[in-house]
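Enquirer: Residues per chain are reported as follows:
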Amino acid sequence: MSFDLGKISETLVTGKVDDLKTLTGQALETDIKPGDILNQGLLPGMDTVSQRWKAGDMFMPEVLRCAKAMGGAMEVLRPHLSESELGNAGTIVIGTVAGDLHDIGKDLAAMMFEGAGYNVINIGIDQPNEAFVKAVKEHKPNVLGMSALLTTTMPRMGEVINSLKEAGIRDQVAVILGGAPVTEEFAKEIGADLYAPNAGSAVEITKEYLESKV
Amino acid sequence: MTNRTNYTINESPHFEILSEDQKEKIFNGMMRTLQYTGANVHHEKARELFKKHGCKVDGVRVYFPPELILKALSTVPPVTEIFPWDGDESKKIVVEKNRSYFGPGPTPPNFIDTDTLERRPYLRKDASLVARVCDALPNMGYVQSLGSINDVTNGLADVYEFADMVRNTTTPIMSWSFTKDGCRDIHRMGIAMAGGEEEFRQRPNYIFYGEPISPLVSDYHAIDKCMYCAEHRIPQVYSPCAIGGGTVPATHAGQLVVALSESMVGVIATQLINPGTCVIIGGVQSILDMRFSIYSYGAPELSLLSAAHTEVVHYCGLPMYSTSGCTDTKKMDAQSAMEASLSINAAMMSGANFVHDNGYTESGITGDIFQTVMDDELISMARVIEKGIKIDPETLAVDVIDNVGSGGHYLYEDHTMNWFMEHWRPTLMDRNSYENWVEQGSKTMKDRIIEKTRDLIQNYEGPQNKVPAKASEEIEKILQEAEERIKKEGVAHE
Ligand code: B12
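Chains as they are written, first to last, in the working numbering: chain P, 312 to 525; chain Z, 751 to 1244.
Check the hints yourself; a few may be wrong.
Unchecked claim - Below, a list of computed lysine to any residue pairs in the SDA-like style, where the Cα atoms sit at most 25 Å apart:
id, chain 1, residue 1, chain 2, residue 2
1, Z, 875, P, 496
2, Z, 930, P, 413
3, P, 379, Z, 1041
4, Z, 1081, P, 379
To be verified - If you want the ones that stay clear, here's a sample from chain Z, every Cβ over 12 Å from chain P, calculated:
id, residue
5, 857
6, 859
7, 860
8, 898
9, 899
10, 908
11, 947
12, 1040
13, 1041
14, 1067
15, 1101
16, 1174
17, 1215
18, 1219
19, 1231
20, 1238
The set of hints was computed from the structure by calculation and includes no laboratory data.
If you're wondering where the values come from, they're calculated on a predicted model, not measured in any experiment.
Just so it is clear, CB atoms sit at the ideal spot from N, CA and C, and this is done for glycine as well.
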């Protein structure tokens, strides 16, 4: 049975969540390798989305709809993918630090990661330091994202990084920071790996970093 | 003399976005939302209070019956007065419908350094500077700090800010705090400046600002502070920063319903605790820019939404906290002036009571006192339009017109002598001839703003020397105790 992976890319770009899930399921029933469904179907679709977004041809709700479709397709596909096929699109734990109730920027970043094929564990706002450490232990993500919108809560990010060190698991995750008052220098200073000024660039910055490490 | 029947006078221009029927629709949308969708209140005591007064409570979710909302609205005061601590009547604030006071905004992390013009973290010294400059600006009717202090003990930026500002301006301050502890410290300072607790009750000298979270959430500290202010009859704002398309619907009507609903939770709490205490709602109403993912402070939608919200809030019989004079630009430029002009004019025409964020740049990330100084001039221009045109025999000047006839001029007329002083005069706008402009240094608007601001910083003393010694001592003592509190308890969490 022949299956057109291009159709998967196209459907992803239109952001049709249910259709894409169905198509992904159908593709899995053929003899196409699951890795090919990801690499030749879904990811090229997401590439188109991110190019259009950068060019200003697509807007956030449209991009997020595509990201949601990608997330849905990945739910179907992930159990069939080997670790190596998953590549960098692993798991991200993301949350807003203790004392901070700002939600929407962190959610945007989470959705963008979902769109890149990540399994996203969004632990929510106002999360105590231990919650981050616990989630890293439990989910073994390759990326930890922290958000802070207040200068008063930014120090929590450094504390979490220290706790990860103390727990001996700092090296297991790439730590990425975001939120309006956070800066590149601050991220360096407290020993984070990455900083993204916005949700759109976060995925790319993370991807480059993870690729440079292998 | 005979009077005329059915003769209408416009004391001021009439600006209206929504009709009565449309306002009612939004009002009813709010009633429906609070009754059937409810709002989360992360505060047990507050939930108990609501329950006691007939609300259904399910976990943290509270459902408000319409009659409770109407009852709360029936006890909000029609007029509240806020007094400058030195008794200067000209700076008194009268919180009543369609009377507008403009001011800066609270808490951005950064500030434009007034010497280097570079963006840097906001420092303690900036709070005094902002207070002093605003004290001198005639169109700043109340004051906020334009930043949150980065160089004091973590968790005390709120308290230090008030301590320094109140001694550098007599214009009433709108304060904020992290938790009820800060709220209490600030209140003690307000009382010290008023000269006693009873004196403060008679003549409140500051306003407190707190925020619920869109959509439909009152977090612990927000409602905790709100209840504290109500108990102590501190005039307060309880208003969200609603992000159209993000935290509230992308449609303006839907945004207004949600923003009104979450604010109403605070209104109900205040009126249950202390009927007749002053509560102001409104907030930042703007959109999420779906291309650049920022909350836009320069969008025309901010002006439209804020003006419409003002109408709805006034329909409820409440005072409105609106927004203007802010921008998405990073450096003072034509864009900041364009965005500020539009929003200031719309806020003025709408008759909002307190209009904040005059001096916000970079979408609320950086405070800029130069922008505030520019806004001050824009506000005075908008006031010209607000004033409207007076029509009576004297202003119609039919006799004078007859006297001058066709041809000639009005420059010799007594009538002109009597009236020309009414024309608005700029302090920043350039109306020079080209030659004079060159002779005076070919200064651009930016140059003139910087010059005026620095002149105020250097030469305007403010009321520092008028602060009663006793009050100042008390403030220092409160600061010390606040330091001890943080040392003992840390930055509070719930
Ligand atoms: C909306 C808002 C609120 C809402 C939040 C509602 C919600 N559901 O999230 C409410 C009203 C609750 C609120 C409350 C407060 N706020 Co507020 N808030 C804002 C505001 C206006 C917009 C934030 C926003 O959502 N922007 C839109 C999103 C899309 O942008 P973003 O969050 O920056 O996220 C982008 C990037 O930063 C990045 N990103 C974000 N997180 C992450 C994470 C990762 C891993 C990555 C990779 C990327 C990333 O990607 C996103 C998309 O590109 C900002 C001003 C501003 N311009 O930032 C103030 C602001 C952050 N708040 C501020 C303050 C002071 C407060 C309060 C203390 C006010 C008070 N007196 O009570 C409280 C604190 C409550 C608390 N404990 O957290 C200050 C912070 C000042 C400072 N010194 O730090 C700001 C700057 C406003 C100001 N000028 O005063 N706030």
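Enquirer: The structure should be examined with respect to each hint, and the outcome stated for every one.
Expert: Right, here's what the structure says about each hint:
A C-alpha spacing of about 24 Å is found between residue 875 (chain Z) and residue 496 (chain P), which places the hinted pair at or below 25 Å, so the restraint holds. Straight-line distance between C-alpha atoms of residue 930 (chain Z) and residue 413 (chain P) comes to about 20 Å, which keeps the hinted pair within the 25 Å bound. Distance check on the hinted pair: residue 379 (chain P) and residue 1041 (chain Z) sit about 18 Å apart at the alpha-carbon level, within 25 Å; holds. Only pairs whose Cα atoms come within 25 Å are accepted, and residue 1081 (chain Z) paired with residue 379 (chain P) is rejected, the gap being roughly 37 Å.
Its closest Cβ contact with chain P, about 9 Å, brings residue 857 (chain Z) to no more than 12 Å, contrary to its assignment away from the interface. Residue-level check failed: residue 859 (chain Z) sits 4 Å from the nearest beta carbon of chain P, not beyond 12 Å. The Cβ of residue 860 (chain Z) sits about 8 Å from the closest Cβ of chain P, inside the 12 Å cut-off, so the non-interface label is violated. For residue 898 (chain Z), the shortest C-beta to C-beta distance to chain P comes to about 6 Å, within the 12 Å cut-off, and the non-interface label is violated.
Look at residue 899 (chain Z): its CB is around 9 Å from the nearest CB on chain P, not clear of 12 Å, so calling it non-interface is violated. Distance to chain P contradicts residue 908 (chain Z) as a non-interface residue, since its nearest Cβ pair spans about 10 Å, not more than 12 Å. Against chain P, the non-interface label of residue 947 (chain Z) holds: every CB pair exceeds 12 Å, the least being about 30 Å. A beta-carbon of chain P is positioned within 12 Å of the beta-carbon of residue 1040 (chain Z); the least distance is around 4 Å.
Listed as a non-interface residue, residue 1041 (chain Z) fails to keep its Cβ farther than 12 Å from every Cβ of chain P; the least gap is roughly 6 Å. Against the 12 Å criterion, residue 1067 (chain Z) stays outside the reach of chain P, whose nearest CB is about 30 Å from its own CB. Even its closest Cβ contact with chain P, about 31 Å, leaves residue 1101 (chain Z) beyond 12 Å, as expected for a residue assigned away from the interface. The Cβ of residue 1174 (chain Z) sits about 38 Å from the closest Cβ of chain P, beyond the 12 Å cut-off, so the non-interface label holds.
Non-interface status of residue 1215 (chain Z) relative to chain P is upheld: no Cβ of that chain comes within 12 Å, the nearest being about 33 Å off. Separation of residue 1219 (chain Z) from chain P is adequate, the least Cβ-Cβ distance of about 32 Å exceeding the 12 Å criterion. No Cβ of chain P comes within 12 Å of the Cβ of residue 1231 (chain Z); the nearest lies about 20 Å off, and the non-interface call holds. With a least CB separation of 18 Å from chain P, residue 1238 (chain Z) remains clear of the 12 Å interface cut-off, as annotated.
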